[in-house]
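These protein sequence lines map, in sequence, to chains A and B.
Following this note's numbering, the numbering of the first sequence begins with 393 at its first residue and continues without gaps.
Following this note's numbering, the numbering of the second sequence begins with 168 at its first residue and continues without gaps.
In short, the hints are calculated from the structure, not lab data.
The beta-carbon is built from N, C-alpha and C at its ideal position, and this holds for glycine as well.
Be a bit skeptical, because a hint or two may be false.
What the hints assert, rightly or not - Below, in silico cross-link-like pairs of lysine to any residue (SDA-like), each with a Cα-Cα straight-line distance of 20 Å or less:
{"no.": "1", "chain 1": "B", "residue 1": "377", "chain 2": "B", "residue 2": "265"}
{"no.": "2", "chain 1": "B", "residue 1": "370", "chain 2": "B", "residue 2": "358"}
{"no.": "3", "chain 1": "A", "residue 1": "394", "chain 2": "B", "residue 2": "365"}
{"no.": "4", "chain 1": "B", "residue 1": "377", "chain 2": "B", "residue 2": "199"}
{"no.": "5", "chain 1": "A", "residue 1": "395", "chain 2": "B", "residue 2": "265"}
{"no.": "6", "chain 1": "B", "residue 1": "174", "chain 2": "A", "residue 2": "493"}
{"no.": "7", "chain 1": "A", "residue 1": "394", "chain 2": "B", "residue 2": "355"}
{"no.": "8", "chain 1": "A", "residue 1": "397", "chain 2": "B", "residue 2": "250"}
{"no.": "9", "chain 1": "B", "residue 1": "174", "chain 2": "A", "residue 2": "490"}
{"no.": "10", "chain 1": "B", "residue 1": "377", "chain 2": "B", "residue 2": "451"}
{"no.": "11", "chain 1": "B", "residue 1": "265", "chain 2": "B", "residue 2": "351"}
{"no.": "12", "chain 1": "A", "residue 1": "394", "chain 2": "B", "residue 2": "254"}
{"no.": "13", "chain 1": "A", "residue 1": "655", "chain 2": "B", "residue 2": "346"}
{"no.": "14", "chain 1": "B", "residue 1": "265", "chain 2": "A", "residue 2": "584"}
{"no.": "15", "chain 1": "A", "residue 1": "614", "chain 2": "A", "residue 2": "490"}
{"no.": "16", "chain 1": "B", "residue 1": "265", "chain 2": "A", "residue 2": "404"}
{"no.": "17", "chain 1": "A", "residue 1": "655", "chain 2": "B", "residue 2": "451"}
{"no.": "18", "chain 1": "A", "residue 1": "655", "chain 2": "B", "residue 2": "269"}
{"no.": "19", "chain 1": "A", "residue 1": "614", "chain 2": "A", "residue 2": "603"}
{"no.": "20", "chain 1": "A", "residue 1": "397", "chain 2": "B", "residue 2": "348"}
{"no.": "21", "chain 1": "A", "residue 1": "395", "chain 2": "B", "residue 2": "364"}
{"no.": "22", "chain 1": "B", "residue 1": "451", "chain 2": "B", "residue 2": "374"}
{"no.": "23", "chain 1": "A", "residue 1": "397", "chain 2": "B", "residue 2": "364"}
{"no.": "24", "chain 1": "A", "residue 1": "397", "chain 2": "B", "residue 2": "251"}
{"no.": "25", "chain 1": "B", "residue 1": "370", "chain 2": "B", "residue 2": "258"}
{"no.": "26", "chain 1": "B", "residue 1": "377", "chain 2": "B", "residue 2": "408"}
{"no.": "27", "chain 1": "B", "residue 1": "174", "chain 2": "A", "residue 2": "577"}
{"no.": "28", "chain 1": "A", "residue 1": "558", "chain 2": "A", "residue 2": "568"}
{"no.": "29", "chain 1": "B", "residue 1": "370", "chain 2": "B", "residue 2": "257"}
{"no.": "30", "chain 1": "B", "residue 1": "377", "chain 2": "B", "residue 2": "452"}
{"no.": "31", "chain 1": "A", "residue 1": "491", "chain 2": "B", "residue 2": "176"}
{"no.": "32", "chain 1": "A", "residue 1": "558", "chain 2": "A", "residue 2": "603"}
Stated by the list, open to error - Negatives, chain B to chain A, calculated, CB over 10 Å:
{"no.": "33", "residue": "209"}
{"no.": "34", "residue": "312"}
{"no.": "35", "residue": "314"}
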Amino acid sequence: MKKFKRILSYTFLSIATIISIYPFFWMVVSSTNASVDVTRGRQLPGTHLIENLTNLFDQVNIVTALTNSAIIAVLSTFLTLLIASLAGYGFEMYRSRGKDIAFNILLLSMMIPFAAIMVPLYRLFGRISHTAPLIGLDTLAAAFLPTITTAFFIFFFRQNTKMFPKDLIEAGRIDGLTELGIFFRIYMPTMKTTYAAAAIIAFMNSWNNFLWPLVVLQSPGKQTIPLLISNLGSSYSPDYGMIMSAITIATLPTALVFFFMQKHFVAGMMGSVKG
Amino acid sequence: MNKLLKKNNIGWLFVLISIVGISLFYFYPMIDAFLLSFQSGMGANLEYTGLNNWLRLFDDPTFISALTNTFTYLIVQVPVMIILALVFSVMLNDPTLKFRGFFRTAIFLPAVTSLVAYSVIFKYMFSGNGIVNQFLINLSIISEPINFLTDSFWARIVIILAITWRWTGYNMIFYLSALQNIDHSIYEAARIDGASSFQQFTKITVPMLKPIILFTTITSTIGTLQLFDEVVNITGGGPGNATITISQYIYNLSFEYTPNFGYAATVSYVIVILVVILSAIQFKVAGDKE
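Looking at chain A on its own, in the form it has when it is part of the complex:
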């Protein structure tokens, strides 16, 4: 009986593993095959990788899209972490009744579905387009500004700040550091792993974001990677080999982040349920 159960477990998990991995396998293999071979269902690596990549760089603006996505992801990750950690630290270290109420109100925003505020946000950015064209519609700034203040990360930093030793703050004060100085010189270096975990989640969210960039970025020169892939995917006579190589390139950064920083990755995910 025990042995039977064991075999059942292995069978079940093996099937799940094959189903989970197969699309990745197919994606990578197809990026090395010609479009016809992909349609014929070829399952072996081919010799068309270079050709697919050449087509991709010649026919599609992938360099622009990669650059745009990278700019947006790096800036938004940096700003998200800075703003959220300041707030998480502030709410936890300078507790007051007023701030606790404010914190709870901010948490309510986690319940707001993005689809519900997309239209008003579009109108908001439309209105500021005339007075502040640098952050108006169809700018990279508009693509990340609404995403950099999120209750999720404030909550995440506040939870982690609970474990930060308060003695260090007193020590900093005795050494004559300003309150902000304590934050930058003592808190930030001590909380490196928390920042790493948050950075991974923020980067992934931004790199993969589709709906808001779709709404706010209209000109082809502003396209991000998800927008480009979505466009390629809806073409009438798709060049499968080329598209698969584009998808492989788009998946690489997040896959690498996952493989090299698995521990921080999981810590970031779990951050939302602690406490």
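Given chain A's structure and the hints, the job is docking chain B onto it.
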């Protein structure tokens, strides 16, 4: 006293940007959407039309399709995914199982892909001459290709399969980490008392994991109510409106058809109301007092 007051003020400075940002990018839009839901007109030419938008919801066939589809995904996909994730996590929590790390990483892997990327891959895999049809024909399970993407029933199935593929491993990780906190001696005791594996699962594992199951159910529900990327990139909402979701309908109303921001805002409030109601029900059912 003075020093304390000053410190309190400095504290407010730390949280100021977040308060301003969230108010501007979440709360203000919620108010604007509420006001918009009572206005109608093309583009920026809006005027107040009372409850017209709200009444229009009831005999708008596209809205009703979007609502029905979203609920179909919710009712079928969320339970299937959560049960699968629970089963995987229980299997992987067995310390004597070999290759645990490998299985765990493999099943989690889909969660690192971008929604658009995997959607396009699924679209190609399930197309008329795609790999799935070739596979099923080769195994003689079917004799002719199934129109996965152009048949209403199958198109919905593909969407459900796709979301399940992407999120099961993600939820499994939450359960696995919660399972690690359960003392193995509880299971020992249950075994000595003669409890079967199934009984251990329903009487120990599920009750112990209740808070985390509730958490994942709520996040999955909110996620499903906002479903957009997959449907747009796999089926485009078609055939007809057979797979359209509420989010996609809001997008279409605002940016694909002649823009009607007022009505789009009304539809978006439906999502907000649903999120609140469903979360409340789930809390109630789980009997969680927090």
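Against the structure, the hints:
{"no.": "1", "hint": "377/B <-> 265/B", "verdict": "violated (28 Å)"}
{"no.": "2", "hint": "370/B <-> 358/B", "verdict": "holds (12 Å)"}
{"no.": "3", "hint": "394/A <-> 365/B", "verdict": "holds (13 Å)"}
{"no.": "4", "hint": "377/B <-> 199/B", "verdict": "violated (37 Å)"}
{"no.": "5", "hint": "395/A <-> 265/B", "verdict": "holds (14 Å)"}
{"no.": "6", "hint": "174/B <-> 493/A", "verdict": "holds (18 Å)"}
{"no.": "7", "hint": "394/A <-> 355/B", "verdict": "holds (15 Å)"}
{"no.": "8", "hint": "397/A <-> 250/B", "verdict": "holds (18 Å)"}
{"no.": "9", "hint": "174/B <-> 490/A", "verdict": "holds (14 Å)"}
{"no.": "10", "hint": "377/B <-> 451/B", "verdict": "holds (13 Å)"}
{"no.": "11", "hint": "265/B <-> 351/B", "verdict": "holds (18 Å)"}
{"no.": "12", "hint": "394/A <-> 254/B", "verdict": "holds (17 Å)"}
{"no.": "13", "hint": "655/A <-> 346/B", "verdict": "holds (17 Å)"}
{"no.": "14", "hint": "265/B <-> 584/A", "verdict": "violated (34 Å)"}
{"no.": "15", "hint": "614/A <-> 490/A", "verdict": "violated (42 Å)"}
{"no.": "16", "hint": "265/B <-> 404/A", "verdict": "holds (14 Å)"}
{"no.": "17", "hint": "655/A <-> 451/B", "verdict": "violated (34 Å)"}
{"no.": "18", "hint": "655/A <-> 269/B", "verdict": "holds (15 Å)"}
{"no.": "19", "hint": "614/A <-> 603/A", "verdict": "holds (14 Å)"}
{"no.": "20", "hint": "397/A <-> 348/B", "verdict": "violated (24 Å)"}
{"no.": "21", "hint": "395/A <-> 364/B", "verdict": "holds (14 Å)"}
{"no.": "22", "hint": "451/B <-> 374/B", "verdict": "holds (15 Å)"}
{"no.": "23", "hint": "397/A <-> 364/B", "verdict": "holds (10 Å)"}
{"no.": "24", "hint": "397/A <-> 251/B", "verdict": "holds (17 Å)"}
{"no.": "25", "hint": "370/B <-> 258/B", "verdict": "holds (16 Å)"}
{"no.": "26", "hint": "377/B <-> 408/B", "verdict": "violated (37 Å)"}
{"no.": "27", "hint": "174/B <-> 577/A", "verdict": "holds (18 Å)"}
{"no.": "28", "hint": "558/A <-> 568/A", "verdict": "holds (16 Å)"}
{"no.": "29", "hint": "370/B <-> 257/B", "verdict": "holds (13 Å)"}
{"no.": "30", "hint": "377/B <-> 452/B", "verdict": "holds (11 Å)"}
{"no.": "31", "hint": "491/A <-> 176/B", "verdict": "holds (10 Å)"}
{"no.": "32", "hint": "558/A <-> 603/A", "verdict": "violated (41 Å)"}
{"no.": "33", "hint": "209", "verdict": "holds (14 Å)"}
{"no.": "34", "hint": "312", "verdict": "holds (12 Å)"}
{"no.": "35", "hint": "314", "verdict": "holds (17 Å)"}
The structure is inconsistent with the numbered hints 1, 4, 14, 15, 17, 20, 26 and 32, although it conforms to all the rest.
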